[in-house]
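Visitor: Numbering (my numbering), first residue to last: 4 to 118.
Read the hints as simulated data drawn from the structure, not as lab findings. Incorrect hints may appear among the rest.
[Claimed, not checked] Derived CB-CB ranges, DEER-like:
{"no.": "1", "residue 1": "85", "residue 2": "8", "range": "20 to 30 Å"}
{"no.": "2", "residue 1": "43", "residue 2": "68", "range": "29 to 39 Å"}
{"no.": "3", "residue 1": "79", "residue 2": "102", "range": "15 to 25 Å"}
{"no.": "4", "residue 1": "22", "residue 2": "61", "range": "24 to 34 Å"}
{"no.": "5", "residue 1": "41", "residue 2": "77", "range": "37 to 47 Å"}
{"no.": "6", "residue 1": "61", "residue 2": "36", "range": "18 to 28 Å"}
Glycine residues also receive a C-beta, built at the ideal position from the N, C-alpha and C atoms.
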Amino acid sequence: MIHSKDFAIKIDYDAEGPLVSVTHTPTGIQRTARPVSGQSVGKVRDELLEEVRGAIYNPMDFTIDYLLCGIDGKFECRHRLTHRPTGKSRSLDGHDFQDMLDELVTELWQEGIRA
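Generate coordinates for the entire structure from the input sequences, incorporating the hints supplied.
Guide: Take a look at the structure:
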């Protein structure tokens, strides 16, 4: 839901100059803008990506908890990603953070909850 493969970026040129569009393909959320004087197309693209991501989920709603666990006399550190408003969480141990965030955001959207 939030991996790079979920976004389509299009850069067109016309008489007014470059036009950058970012679309989140699973939801159809789209933002379009033109660079202002001196601004790079890449900077516009990055700003649009952040804006579209912000329409999908709020990163401030997620926390990473570090838990110190005693197992068989050994202490191990465990990591958990939690969506604070719902309490839904995923273990990060042995998993990529971006994959677990994507999985959790996708589940929340499927349940009708804007993450």
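Visitor: In this structure, is the beta-carbon distance linking residue 22 and residue 61 contained in 24 to 34 Å?
Guide: Because 28 Å falls inside the window, the suggested range holds.
Visitor: May I ask you to test the hint 29 to 39 Å on the CB atoms belonging to residue 43 and residue 68?
Guide: With Cβ atoms ~38 Å apart, the hint holds.
Visitor: CB of residue 85 to CB of residue 8, is that within 20 to 30 Å?
Guide: holds, 25 Å
Visitor: Does 37 to 47 Å hold as the CB distance between residue 41 and residue 77, or does it fail?
Guide: violated, 57 Å
Visitor: Holds or violated: the 18 to 28 Å window for the beta-carbon distance between residue 61 and residue 36?
Guide: holds, 21 Å
Visitor: Is the distance from the Cβ of residue 79 to the Cβ of residue 102 consistent with 15 to 25 Å?
Guide: holds, 21 Å
Against the hints set out earlier in the document, a violation occurs for number 5 only.
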